[in-house]
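Visitor: What follows is each chain in one-letter form.
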Amino acid sequence: MSMPRFFTLSARWLMPMLVSSAMAATEADYYPITTFTTPPGTALEVGSVELLPDDRLALGTRRGEIWIVKGAHATDPAAIGYQLFASGLHEVLGLAYKDGALYATTRYEITKITDSDGDGRGDVFDCFSAPWGVSGDYHEYSFGSSFDRNGDLWTVHCLTGSFGSAVPFRGWALRHRADGSVVPTCSGIRSPGGIGFDLQGECYYTDNQGPWHGSSTLQHLVPGSFQGHPAGNVWYDRAPNMGPRPLDPIPEAYQNGRPRNEANPAGDPDRMVLERRRIKQLLPPVVYMVHGKIGNSSSAVICDVSQGKFGPFAGQMFIADQSHSNLSRVCIETINGIRQGAVIPFRSGFKSGPIGGRMDARGHLFLGGSDRGWGARGGQPFSFERVQWSGKLPFEIHEMRAKAKGFELSFTQPLDAASLASVNSSCIRAFTYAYREQYGGDEIDEVKPSLSEVSLSEDGKTLRFSVQPLTQGHIHELHLDGLRNTKGEPLLHSVAYYTLNEIPR
Amino acid sequence: MRVFVLGLVLLAGANAADIQLRTLTAQMKYNESEFQVKPGERINLTFENGDDLPHNFVLCRPGTDVLALSLRQMDKPEEALKNNWLPKDPSVLAHSKMLNPHERQSFSFTMPDKPGTYPFVCTFPGHAMTMNGKFQCFPQGPQLSELRFKLYLGSWKKLPDFSKLAVHREGAIADNLIDLKFDDYKNEYAVVFEGKLKVERKGSFRFFLAGDDGVRLLIDGKKLIEHDGIHPSGSIREGALQLEAGEHAFRLEYFQAAGEAEVFAAWKGSQFAITPLSRFLPKGWEFGATSKRREFDPIVLEPKVGPVLYRNFIADAGNRAIGLGLPGGINLAWSAESMDLALLWRGAFMDAGRHWNSRGGGHQPPLGYDVIKPLGAPPQASEQRRYLGYRLDAQGNPTLRWAWGEAEVAETYQAQEGGLLRRLQIKGALPKDAALELLRGVSAQAKGPDLFVVSSKPVGWQLRCVGARLSGGALQLPLHEGEQTILYQWNP
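Sequences listed follow chains E and H, in order. Taking this note's numbering, I'd label the letters of the first sequence as residues 1 to 505. Taking this note's numbering, I'd label the letters of the second sequence as residues 1001 to 1492.
Chain E on its own, in the form it takes in the complex:
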């Protein structure tokens, strides 16, 4: 790909910005949601979605049922049909299909379920893998992936409560091989909300705000890595493949009566960017799902596998939020060997709190969930829904990429050069979260950098600017409210949060 050519903007003689008087476009114009009816007599609290042959789906629920769904692809939502495949399982937060069998990740095992007599109901329930402990604590959720390219299943296991790991492998990611062997893969997990793969087959999970997590996050499950919460590290002796136990992070940097919100003039050591230097296995979040703004409780990890059938975001990731009942969009790049990227709001207005979701190759994004236990903005106790692209091209930030001295953004439509005058230092701020045992945390260490040297590519779709300084480890919050496309329309979503783990060299 040839680099776009840029011209530097001289804004002085540009026309004042025109305020669009047309009806503001809404998310629903571009990404309509279809809400399906659900089977009577049960609460279809969707915790997992798997794609089956013949355009069927399998839904696993928090109530321990598995439903086979037909007709979920049809234009008419009334075409949907459900058949109960299994029930009585202990909370199905992962479903994977292979060779006629469904592999359900439940509280205490991965159950391989087959329908041996072909009557549409599962009748053989084999324990496929159950190497992790369970103590009865509500918090000990286990989420499972679909099969990866090697034929392995990935599971992530919530801690016992927020601070402890009472039984083996609470707070770990495990891989389960077809031969039944288990590979402890990552430590440091706190409270997962979902797990999924990107187009390259890399595995990600979402973690939730709490101890060691100022905000919910999207995390990259690099085998051998420590994901940040040290409580589960007591199980390193059961994972010789993982090498020595990592150093413990500093639980509390502020001491001697200094309040948490008061800055230490000497600087605090409890920051991810600093602890990474000390704890070699520690991997920072790919993206902070900025608490209270992007969401409060990240869940499903959904890759756009549609190659454009879902619109202009092929290959990007969609992350659901159970509390905010929304989907956000994440674009990821690898800088200095570490994954990082930006999160951008995408679609709100789901009827309940999304937990499980998948996209199929035709660009149907299926999403379901429940509000049980935490509440959700959607207002319904449970739901199963579909999002599709309407075919209209939304005016959106396409990608945000870090550069050595600033950022580069691509857009789905050419920008009106006149609106570039609105891009200035007031559009950007940077902050981070403390990396400490405290439950959640404020946006701290705020930096107000200067933004300059705004330039636009010749095709009008790529914007570049310098940011001085760029702060490693900080979330760079960018507001582009003043940008317009050539029709004078504003961005559908004008904010992006870029997690700058690494500054390109």
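Keep in mind the hints are simulated off the structure, nothing from the lab. It is possible that part of the hints are untrue.
Residues of chain E placed beyond 10 Å of chain H at every Cβ, according to the derived structure [what the hints assert, rightly or not]:
| # | residue |
| --- | --- |
| 1 | I68 |
| 2 | P77 |
| 3 | V234 |
| 4 | D445 |
| 5 | D459 |
Computed far set for chain E versus chain H, every beta-carbon distance over 12 Å [claimed, not checked]:
| # | residue |
| --- | --- |
| 6 | A28 |
| 7 | T34 |
| 8 | Y97 |
| 9 | R149 |
| 10 | D237 |
| 11 | N241 |
| 12 | W389 |
| 13 | S410 |
| 14 | P414 |
| 15 | D416 |
| 16 | I503 |
Just so you have them, the derived chain H footprint on chain E, three or more residues with Cβ under 8 Å [as the list claims (entries may be wrong)]:
| # | stretch |
| --- | --- |
| 17 | 78-89 |
| 18 | 113-125 |
| 19 | 371-384 |
Even glycine gets a Cβ: it sits at the ideal position worked out from N, Cα and C.
Using the hints provided, position chain H relative to the given structure of chain E.
Guide: For chain H alone, coordinates are given in the frame of chain E:
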């Protein structure tokens, strides 16, 4: 408490009330949803956040739509975030800080003089739907007047027909509070209390009643609430009716068999709070009927056409339990940790309410009765036996499969002869001296070559098994290839 109740009329408004409010772990709820307070009362509130999420307490003026109040913050989320999700709204009367998990705050405020229902809510986004409650701020209502008692002697299991009994003793009760102070009689007696209730204004009234043992409440000669039989006073029953302005006849019938003797009665009107009419006050009386204070709404799992499986946290069945409810009301819980039959019981199968109304934690006991725990304590994970899975037949009956050494054990259950037949089919080589423990920690007697009787209280039961051996306190079944059966039966 007595002084408080007696002094209500005089002291209303001058008292201070200490109120403890807690958030429940993992339920998105406060521990109480209703408090009874007085107009003008000083409230000392201790608010403790027992959950893993931040929560606050925001008390609002009567009529405030607390859900809308919380939701409106989403119009300007950034501003609301800056204000720590405390709505800037004139309807807010008093509030706590946004408490972090496991933080606690004590603070005081004064209730307005105006009687009414003052709602409270957690205004953290998404919490208001389930995290709300009420301060019922009403003065106390009238007491009984002209209260008299009639004492009867006798031994009953149910309330007697008082019209056929001779009064042993009777008299007036000076302070007009129902009480069981009959120094000479502790057991085997009955009492009828009669008095008058004055209703100021026509309206709907609720009455509350609890007793140890049987109690019945009649208003104007009509039965309103009854909880007959021998039982503790634990649950408060309620009944409601319309009453015209004026005087109404109050009659409470009570009997005592033996042991604890307690009676509680109270009433509530639209313009006054729950007002005790008795001296005895059971725990939580301020909140009215016990049934309305259930921890979770029940979700009863019922085997109708076929068996029902429930893999979840079942109390005393370990953390990897497989519950099986059979049609006809025979149920069991099997441990996929130890490969043991942990529980069997009769009647209703399971209430999934604990696991399906909230976050899913905690161990739920069987819903039915006559629970047998053949191995006493909850099962411990087995080092040797390995859980393999189960297969369902066409009717949905599971065959549980597990491995021991080179052997594979297939285990089925079926209701039979008023009990449960457990069948083991074993293929392959078992470890040497492999024996299944059938009883532990319960005393059993051999009543025949294959019959073992457990005379435990309150549930007596027996077990038929060819080849089982009783030694010490344990009953062992040496296993061999082929089929072996065990029949568990409750005593007829």
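Visitor: Where does the structure disagree with the numbered hints, that is, which hint numbers, in rising order?
Guide: Violated: none.
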